[in-house]
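Keeping their order, the protein sequence lines are chains P and G.
First residue of the first sequence? That's 1 in the numbering used here, and the numbers climb one at a time after it.
First residue of the second sequence? That's 1 in the numbering used here, and the numbers climb one at a time after it.
Errors might be hidden in some of the hints.
Below, computed lysine-lysine pairings styled on DSBU-like, alpha-carbon distance capped at 35 Å [unchecked claim]:
id: 1; chain 1: P; residue 1: 57; chain 2: G; residue 2: 38
id: 2; chain 1: P; residue 1: 57; chain 2: G; residue 2: 16
id: 3; chain 1: G; residue 1: 38; chain 2: G; residue 2: 70
id: 4; chain 1: P; residue 1: 13; chain 2: G; residue 2: 16
id: 5; chain 1: G; residue 1: 70; chain 2: G; residue 2: 16
id: 6; chain 1: G; residue 1: 3; chain 2: P; residue 2: 13
id: 7; chain 1: P; residue 1: 57; chain 2: G; residue 2: 3
id: 8; chain 1: P; residue 1: 13; chain 2: P; residue 2: 57
id: 9; chain 1: G; residue 1: 3; chain 2: G; residue 2: 70
id: 10; chain 1: G; residue 1: 3; chain 2: G; residue 2: 38
id: 11; chain 1: G; residue 1: 16; chain 2: G; residue 2: 3
id: 12; chain 1: G; residue 1: 38; chain 2: G; residue 2: 16
No lab work stands behind these hints, which were simulated from the structure alone.
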Amino acid sequence: KAGVTQTPRYLIKTRGQQVTLSCSPISGHRSVSWYQQTPGQGLQFLFEYFSETQRNKGNFPGRFSGRQFSNSRSEMNVSTLELGDSALYLCASSLEQATRTGELFFGEGSRLTVL
Amino acid sequence: AQKVTQAQTEISVVEKEDVTLDCVYETRDTTYYLFWYKQPPSGELVFLIRRNSFDEQNEISGRYSWNFQKSTSSFNFTITASQVVDSAVYFCALSDLVMDTGRRALTFGSGTRLQVQP
Numbered sequence: 001k002a003g004v005t006q007t008p009r010y011l012i013k014t015r016g017q018q019v020t021l022s023c024s025p026i027s028g029h030r031s032v033s034w035y036q037q038t039p040g041q042g043l044q045f046l047f048e049y050f051s052e053t054q055r056n057k058g059n060f061p062g063r064f065s066g067r068q069f070s071n072s073r074s075e076m077n078v079s080t081l082e083l084g085d086s087a088l089y090l091c092a093s094s095l096e097q098a099t100r101t102g103e104l105f106f107g108e109g110s111r112l113t114v115l
Numbered sequence: 001a002q003k004v005t006q007a008q009t010e011i012s013v014v015e016k017e018d019v020t021l022d023c024v025y026e027t028r029d030t031t032y033y034l035f036w037y038k039q040p041p042s043g044e045l046v047f048l049i050r051r052n053s054f055d056e057q058n059e060i061s062g063r064y065s066w067n068f069q070k071s072t073s074s075f076n077f078t079i080t081a082s083q084v085v086d087s088a089v090y091f092c093a094l095s096d097l098v099m100d101t102g103r104r105a106l107t108f109g110s111g112t113r114l115q116v117q118p
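Could you put together the complete structure from these sequences and hints?
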């Protein structure tokens, strides 16, 4: 069974640009969560999508957005990039909503560098 | 106060030593879940265990064991006879109801970096 796939794995952008990251969950999983990981802030929850609806959202500005498609694949977008957005963005999928009893299966992440 | 506290930022041991990673959590919810995840150098977090608040039975899985104590709000993780392959960052996480929003949230601790020297 294929794991969670994130693309691209690495990318470099400049301030002011926007970026779209993609996540393909494990087949059959309906929940996709996104996390930002930085050395200073650790793992911070961005949002969770379940059955194409955003079910939960962390404390991030509106520049961070996401969506989920009918096949459960998800994308997250960051507009007007800032230096502080440099991070490893992790996607996780689960059968049920992540914050219920389900365990999370993480992808290897997309490492974004903003110059 | 942090909801999930992993006070040990980095631990270094020599192979075959036992090591315990501490996790202290804070919640007002009565039904909550605790997790441990491992993040090897490759970056992908790997689920290790889930515990619900009603099950205080300790669990052992091979060289791994977990000690859940509600009285001290702790969910500690012990690796027996550590190996070099155990080197990773370990995260403790809590899923509980956030009173302000009425929704459940999954909160990770800051992680403990374990280095096992040969």
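Taking only the CA atoms, is the gap from residue 13 of chain P to residue 57 of chain P under or equal to 35 Å?
With a Cα-Cα distance of about 25 Å, the restraint between residue 13 of chain P and residue 57 of chain P holds, given a limit of 35 Å.
Keeping to a limit of 35 Å between CA atoms, is the pair of residue 13 of chain P and residue 16 of chain G held or broken?
Answer violated: residue 13 of chain P to residue 16 of chain G is near 44 Å, above 35 Å.
Quick one, are residue 38 of chain G and residue 70 of chain G close enough, alpha carbons at most 35 Å?
holds, 23 Å
Quick one, are residue 16 of chain G and residue 3 of chain G close enough, alpha carbons at most 35 Å?
holds, 32 Å
Given the hint that residue 57 of chain P pairs with residue 3 of chain G, test it: the Cα-Cα distance must not exceed 35 Å.
holds, 17 Å
Would you mind confirming whether the straight-line C-alpha gap from residue 3 of chain G to residue 38 of chain G stays at or under 35 Å?
holds, 19 Å
Check whether the Cα positions of residue 3 of chain G and residue 13 of chain P lie no farther apart than 35 Å.
Distance ~34 Å between residue 3 of chain G and residue 13 of chain P Cα, so the pair holds.
Hey, residue 57 of chain P versus residue 16 of chain G, does the alpha-carbon distance stay inside 35 Å?
violated, 42 Å
35 Å limit on alpha-carbon distance, applied to hinted pair residue 57 of chain P and residue 38 of chain G:
Holds - the C-alpha atoms of residue 38 of chain G and residue 57 of chain P are around 24 Å apart, at most 35 Å.
Run the distance test for residue 3 of chain G versus residue 70 of chain G: straight-line Cα separation, threshold 35 Å.
Distance of about 14 Å is within 35 Å: holds.
Take the C-alpha atoms of residue 38 of chain G and residue 16 of chain G, compute the straight-line distance between them, and say whether it is at most 35 Å.
holds, 19 Å
Between the alpha carbons of residue 70 of chain G and residue 16 of chain G, is the straight-line distance 35 Å or under?
Distance of about 30 Å is within 35 Å: holds.
Hint violations for this structure: numbers 2 and 4, all remaining hints satisfied.
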